[in-house]
Amino acid sequence: MGAALPEPAPSRLFLSGNDAVALAVRDAGCRVAAAYPGTPSTEILEVLARYPDLYTEWSINEKVSLEVALGASMVGARAFCAMKHVGLNVAADALMTMTVTGTEGGLVIAVADDVGMSSSQNEQDSRFWARFAHLPLFEPADAQESYDMTRAAFALSERFCCPAILRLTTRICHVKGRVIAGERETHEPGGFVKDPQRWVMVPGNAKPRVARMHEREEALRAASTESAFNVLLPGEDRRIGFVVSGPAFMHVREAFPAAPVFKLGQSYPLPLERVRELAAGVDQLLVVEETEALVENELRAAGIACSGKDTLPRVGELSPDVLRPAVARLLGEPVPAKAHLAPQQVFPRPPTMCVACPHLGIYYTLAQLRNITISGDIGCYTLGAGQPWNALDTCISMGASMGVALGMDKGRGEADAKKSVVAVIGDSTFMHMGMQGLLDITWNRGNVTVLLLDNRAVGMTGGQDNPGTGRDIHGETVPRIDFAKLCEALGVNKERIHVLDPYQLPVLFKTLREETKVREPSVIITNRPCVLIDDYQPAQPYKVIADQCTGCGNCLDVGCPAIHVTRRAKEVKPSGKEVELAFTRIETSACTGCGLCVQPCAPEAIVHAAPEHPVKFLHAKI
Amino acid sequence: MTITNIAVCGIGGQGVMTATEILAEAALSLGFDVKKTEVAGMSQRGGVVTSHLRFGPQVLSPQIVPGEADLLVGFEAAEALRWSHMLKPGGVALVNQGRFVPPVVTIGLYDYPADPIAEMRALGVEVSDFDASALALQLGNIRLGNTVMLGAMSDRLPFPADVLRNAVLARFGVRKPALVDLNRQAFELGRAAVARMGAAA
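Chains as they are written, first to last, in the numbering used here: chain V, 1 to 622; chain A, 1 to 201.
Worth double-checking, as some hints may not be accurate.
[Said to hold, decoys possible] Some residues of chain A that are not near chain V, with every Cβ distance over 12 Å (derived):
| id | residue |
| --- | --- |
| 1 | 4 |
| 2 | 116 |
| 3 | 120 |
| 4 | 155 |
| 5 | 165 |
| 6 | 191 |
| 7 | 193 |
[Unchecked claim] Which chain V residues face chain A? A few, computed with CB under 10 Å, are given here:
| id | residue |
| --- | --- |
| 8 | 116 |
| 9 | 171 |
| 10 | 175 |
| 11 | 194 |
| 12 | 331 |
| 13 | 334 |
| 14 | 337 |
| 15 | 386 |
| 16 | 553 |
| 17 | 554 |
| 18 | 557 |
| 19 | 564 |
| 20 | 589 |
[What the hints assert, rightly or not] Covered stretches of chain V, as calculated for chain A (at least 3 residues, CB under 8 Å):
| id | stretch |
| --- | --- |
| 21 | 339-347 |
| 22 | 350-361 |
I should point out that these hints are in silico values taken from the structure, not numbers from a laboratory.
Quantities reported herein were computed from a predicted structural model and do not represent experimental measurements.
Ideal Cβ positions, reconstructed from N, Cα and C, are used throughout, including at glycine.
Taking the hints into account, I'd like the entire structure generated from these sequences.
Okay, structure coming up:
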């Protein structure tokens with residue numbers, strides 16, 4: 001964790017959307033903020049944690065983080081939680097009831113959609129949740145609006161006693177722009193007021209509150225009609241009037257500066273009558289929104305004719321170069337020419353596991369095993385699906401490796417009778433949603449071998465802490481969860497729980513082969529830290545003795561990015577079989593001496609080397 | 001004055017995002033409106049990174065439309081080729097000759113282009129190329145490559161090189177004072193490398 005942040009200067013701040021939300025949460029006098037890390041939302045809590053005067057935590061999952069925020073709101077404190085789009089699916093159970101109870105202290109939920117799926121398993125439009133839960137929705141278009149709307153969302157939340165949702169996208173979270181911050185305010189919690197009819201949601205208490213929720217929605221529509229965030233920007237070119245939501249505004253204004261635009265910032269409930277005013281003054285109306293046709297459908301249902309997803313893409317990011325040809329087609333104009341150079345075909349460069357990643361040996365070993373099906377999960381270890389391992393058969397959602405594995409075991413027919421089912425999950429992922437799945441496996445006597453890859457970090461999002469690291473969000477020491485004991489408590493036979501070093505390939509191989517033969521649940525826990533966190537201790541690097549390398553390529557199967565091919569050749573064996581040879585070298589300045597590649601090297605050509613350069617080459621901690 | 005569009009590309013770990021951030025600071029210090037964005041979802045695992053910087057009197061969209069970049073700064077040769085289409089007609093590419101070969105190439109699934117910079121020239125792109133990685137290693141640290149690249153681009157910006165130099169030094173002065181001098185040297189090495197090319201042309 002970084003040092004406590006100094007007071008920011010009032011102007012010339014250059015902030016990402018995430019930074020701006022964090023600053024606004026602080027400036028709004030928020031007292032409690034919680035999140036589970038998830039790209040692109042992660043940095044919000046990382047920044048908030050550096051402010052000493054509010055409580056921040058990494059929660060074990062998004063539902064818990066929302067419950068923590070709700071509890072704080074119940075006692076009158078302003079509260080905040082952040083998540084990525086799929087996180088709100090996890091938190092939905094709490095959300096759908098807290099919209100009925102309502103809230104006390106202002107409660108803002110920031111949810112970051114990964115439009116274009118730069119790092120997510122799906123693309124989903126979180127604006128649905130505002131409609132589903134009958135809650136107000138803010139959609140900032142840049143960092144300044146992220147700041148302004150976060151503060152407005154707290155005020156609106158308190159005015160209507162309900163949570164307010166702030167919908168961000170990757171291009172808000174990770175875009176930096178100039179921000180002018182306002183004055184900081186303070187909010188002293190008024191204290192918890194016992195009111196079982198409000199806070200205890202048994203059917204008898206819930207029924208009258210659901211009716212009030214619907215009344216509230218109508219009042220929220222009136223508020224959004226008056227909102228300064230919903231603004232009609234005039235334009236002389238009246239052939240098309242645009243209705244835009246969130247960041248799409250910037251692209252529309254850039255591409256069509258002369259067109260009138262209704263900019264939706266407080267976008268749900270929709271200020272329908274004001275949109276109707278724009279529609280009356282233009283030839284046609286085009287709704288520009290990422291990603292689903294929500295505004296478009298609601299306008300049509302209200303009898304306002306418009307175009308939208310019939311013209312614009314339904315998937316991925318919008319940008320001026322996507323909008324220009326679509327609008328030209330709508331106007332019957334020639335489609336503007338694309339970039340003067342065509343995109344060049346260059347080899348793909350997918351993300352890879354890091355040099356010396358403790359997962360390398362796991363996937364190397366899994367790739368050697370035959371007759372296994374591997375149920376995977378969300379996180380760095382998803383990269384095991386890639387080359388050279390190809391050792392992952394499924395990946396659905398966080399924690400799903402457990403249930404999917406059990407289902408594969410129980411549902412199998414004759415075709416899979418001889419196969420073993422292996423589930424792979426990480427430490428944080430296991431605590432987020434995997435524990436319940438393992439409990440289901442033990443309870444229902446599933447024949448599943450679980451690999452619990454404990455690398456002491458939420459690796460994929462940048463190495464955040466969790467209950468398995470023994471540190472909290474501030475890096476302070478807390479009790480560290482013992483995964484072996486936890487798995488035993490979840491019903492795994494003690495003899496079937498192994499803790500081992502993922503760099504010891506023979507032990508790993510032997511244990512995996514034995515446990516996949518056993519017909520009961522077993523858990524193999526690995527115990528080496530992520531190479532990107534401070535717990536990782538680099539060792540003396542290795543090199544390849546060129547004269548001794550036989551070109552067998554076994555070291556390449558490990559998949560370490562520090563191993564490179566120097567020369568390829570073909571050899572005809574005495575049997576007449578042609579073999580491809582690949583002679584290798586190790587980038588010594590990148591190697592951290594984990595020793596994985598040494599183990600499969602038959603001619604023992606890999607030996608310790610003095611580093612050529614004192615500083616690590618790639619994947620150095622930044 | 002119109003908007004200046006600078007696209008910076010490379011791979012995770014090279015300092016693409018930091019370099020763009022420093023460029024943004026320089027533009028901000030002159031009072032420009034500035035927006036900066038990157039596509040870097042899983043790039044900290046060695047994937048592709050592209051960073052967009054736009055500055056001018058008012059900047060709306062954070063993304064540079066392909067075919068509208070004034071300057072393409074390639075931290076890696078094949079990545080510069082991959083993103084050549086970002087350049088506007090007559091735009092200039094500044095490219096590090098250094099190569100970072102990914103595992104998919106190492107294991108023989110794909111080929112690294114034989115000469116990516118020659119391919120860019122064949123497309124009609126004006127390229128200035130030099131070995132920034134080697135210059136950084138000359139100073140003992142490959143990670144100085146991004147400052148070398150900043151030095152190299154310092155005479156191609158619509159503001160004086162001093163503004164960018166000051167932004168580089170301010171950045172490392174705050175974070176790691178010991179690195180100030182190394183970065184100053186890296187910046188000058190990059191500048192000199194490009195100046196030599198200009199003299200030779």
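Against the structure, the hints:
1. 4: holds (15 Å)
2. 116: Non-interface label fails for residue 116 (chain A): nearest chain V Cβ at 8 Å, not farther than 12 Å.
3. 120: The claim is violated: residue 120 (chain A) sits with its nearest Cβ about 8 Å from chain V, within 12 Å.
4. 155: holds (24 Å)
5. 165: holds (19 Å)
6. 191: holds (23 Å)
7. 193: Residue 193 (chain A) is indeed farther than 12 Å from all Cβ atoms of chain V, at 20 Å.
8. 116: holds (8 Å)
9. 171: holds (6 Å)
10. 175: holds (4 Å)
11. 194: violated (47 Å)
12. 331: violated (19 Å)
13. 334: violated (17 Å)
14. 337: holds (8 Å)
15. 386: Holds - the Cβ of residue 386 (chain V) comes within 10 Å of chain A, reaching about 8 Å at its closest.
16. 553: With Cβ-Cβ at 8 Å, under 10 Å, it holds.
17. 554: It is violated, given that the least Cβ distance between residue 554 (chain V) and chain A is near 12 Å, above 10 Å.
18. 557: Holds: closest Cβ of chain A sits about 8 Å from residue 557 (chain V), inside 10 Å.
19. 564: Since the shortest Cβ distance to chain A is 6 Å, the answer is holds.
20. 589: For residue 589 (chain V), the interface hint holds, since the closest Cβ of chain A sits about 7 Å away, which is under 10 Å.
21. 339-347: holds (count 8)
22. 350-361: Contact hint for the stretch 350-361 of chain V vs chain A: holds, 5 residues under 8 Å.
The structure shown violates the earlier hints numbered 2, 3, 11, 12, 13, 17.
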